[in-house]
Structure formats: C-alpha cells, structure tokens
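Trainee: In our numbering, the protein residues as written are 10 to 242.
One should not assume that every hint holds.
Okay, the calculated beta carbon distance ranges per label pair [what the hints assert, rightly or not]: (1) Glu197 / Ser112: 17 to 25 Å; (2) Gly116 / Pro168: 28 to 36 Å; (3) Leu207 / Glu91: 35 to 43 Å; (4) Gly90 / Glu172: 52 to 60 Å; (5) Gly84 / Gly202: 51 to 59 Å; (6) Lys242 / Gly78: 35 to 43 Å; (7) Gly116 / Ala151: 18 to 26 Å; (8) Glu124 / Gly167: 14 to 22 Å; (9) Pro221 / His130: 41 to 49 Å; (10) Lys242 / Leu207: 16 to 24 Å; (11) His130 / Glu88: 39 to 47 Å; (12) Ala150 / Gly116: 28 to 36 Å.
In silico EDC-like links for lysine to aspartate or glutamate, alpha-carbon gap of 16 Å or less [what the hints assert, rightly or not]: (13) Lys129 / Asp178; (14) Lys106 / Glu197; (15) Lys147 / Asp118; (16) Lys129 / Glu201; (17) Lys121 / Asp209; (18) Lys147 / Asp178.
Note that these hints are calculated values from the structure, not bench results. Please read these numbers as outputs of a predicted model, since none were measured by experiment. In this text, a Cβ means the ideal position worked out from N, Cα and C, and glycines have one as well.
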Amino acid sequence: MNMVSPTTRLLIFSWLIFPLYEADKMRHRGLRQKDAEYIEKYSGCIQGPAGSPGREGNPGVNGIPGTPGVPGRDGAKGEKGECVSEIFEEPWRPNYKQCAWNSLNYGIDLGKIAECTFTKHRTDSALRVLFSGSLRLKCKAACCQRWYFTFNGAECAGPLPIESIIYLDQGSPELNSTINIHRTTAVEGLCEGVRSGLVDVAIWVGTCGDYPRGDASTGWNSVSRVVIEELPK
C-alpha cells in the first residue's frame, strides 16, 4: 500500500464516491418532483355552484354633455315647384223671400197678376220659385188658360218655362150653366241662368197657344203667395 502513488489513490476515491453522489442526486430529484405533483394535485380550489343573480344597480347620473357637432353642409338646390292657387269660397248661406197677398180676387184673363222683387247673390246659382193660390177657369165651350213665371220680364229659358195650365172642354148643358170651380193650385220650378242682383219675379196669366181663352180668376177668397229661394248648382 505504501507503494501506491497519491494520484492513484485519488482516482480510486473518485470511483468510489461518484456513484454515491449520483444516486443521492437522483433521489433528491425524485423527491422534488413528487412534492410538485402533490402541491399541484391538492392545492387547487374546486369551483362551487353559481350564485343567484344580483339586483340591478341604481341608474347612473347624467354624463357631461358632449361638444356641439360640426354644422352640416347645404344640400343640393331642389327643382322649381308648381304654382297652385287655392280658391277660398264663402260658405253658402240661405237666401229666400216670400211675398203673400190676402184675397187677391184678380179676375184678369191676360197680364201680370203679382210681382215679388228678389236680390240674387250669385250668377252661378239657380232660383226656385213657387206660386200657391186659388185658380179658376170657366167657359161655355172649350177653353184654356196658362199661369206662368217671368224673371225681369222674360220667361225662364234655363232650361224651360215654369207654368201651369187649366183646360175645360165645355160647361154643363144639362143645367144650362158653366163649370165654376176654384182650386188652390201650385206653379213651381227651378230656373238657371238668371244674373245676380235685383230680379223682378212675377206670376202672369195668358192663353194656351191657339186655344180659346176663357174667364180666369186668381186668388179668390184665399191667401196667395210667391216663394223665391236661391240654390247652389
């Protein structure tokens, strides 16, 4: 043994010690790995069930107003519009008049019986006229009389005259007398085309064309009336 050199003794010692060092190092490494796995396995938290939803919070206060935006640009010029004129008319107001007579007892056979002046407001309106009164015609032979309206002296032309007639064939030969019956009769109609302003509305009596005229009577022992009314077209 005394003949072994120091270098040889060092090598022998290294061969003996190095395996032990490596084994201890491996043992410590295994322990550290087991500790890490244990910590990872048992140190984590298990997630529990979800809680009930919370209540809504109170509304927040208004924020700071924003700054005004940049003004927009003018749009393109539009096309020229059409000129529409509106006509505003006054609402229609009733316009009528009545003229009445008590017991005219007018016995003429030809001519004007009565007249009633009326103020017509519009040119494009129509006139409704009515005569109501007692009429009579008598004769020994056939005869005919005609009662009609005129407007400012002319009969209605829009569209036709306003008239009423009475015709008798003959009297009563058995009693050697003529028929003498007074009846309340109406002469009525509408006339268009009469200008606005004052209008003289009159009721007349005349003949029936070529027929002989008889003995006419108007408004006997009763009230006679002329009613005039302006109507919109």
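Trainee: Work down the list of hints and note, for each, if the structure agrees.
Mentor: Comparing the hints with the structure gives:
no., hint, in the structure
1, Glu197 / Ser112: 17 to 25 Å, "holds, 22 Å"
2, Gly116 / Pro168: 28 to 36 Å, "holds, 33 Å"
3, Leu207 / Glu91: 35 to 43 Å, "holds, 42 Å"
4, Gly90 / Glu172: 52 to 60 Å, "holds, 55 Å"
5, Gly84 / Gly202: 51 to 59 Å, "holds, 55 Å"
6, Lys242 / Gly78: 35 to 43 Å, "violated, 60 Å"
7, Gly116 / Ala151: 18 to 26 Å, "holds, 21 Å"
8, Glu124 / Gly167: 14 to 22 Å, "holds, 20 Å"
9, Pro221 / His130: 41 to 49 Å, "holds, 43 Å"
10, Lys242 / Leu207: 16 to 24 Å, "holds, 20 Å"
11, His130 / Glu88: 39 to 47 Å, "holds, 43 Å"
12, Ala150 / Gly116: 28 to 36 Å, "violated, 20 Å"
13, Lys129 / Asp178, "violated, 41 Å"
14, Lys106 / Glu197, "holds, 15 Å"
15, Lys147 / Asp118, "holds, 11 Å"
16, Lys129 / Glu201, "holds, 12 Å"
17, Lys121 / Asp209, "holds, 12 Å"
18, Lys147 / Asp178, "holds, 10 Å"
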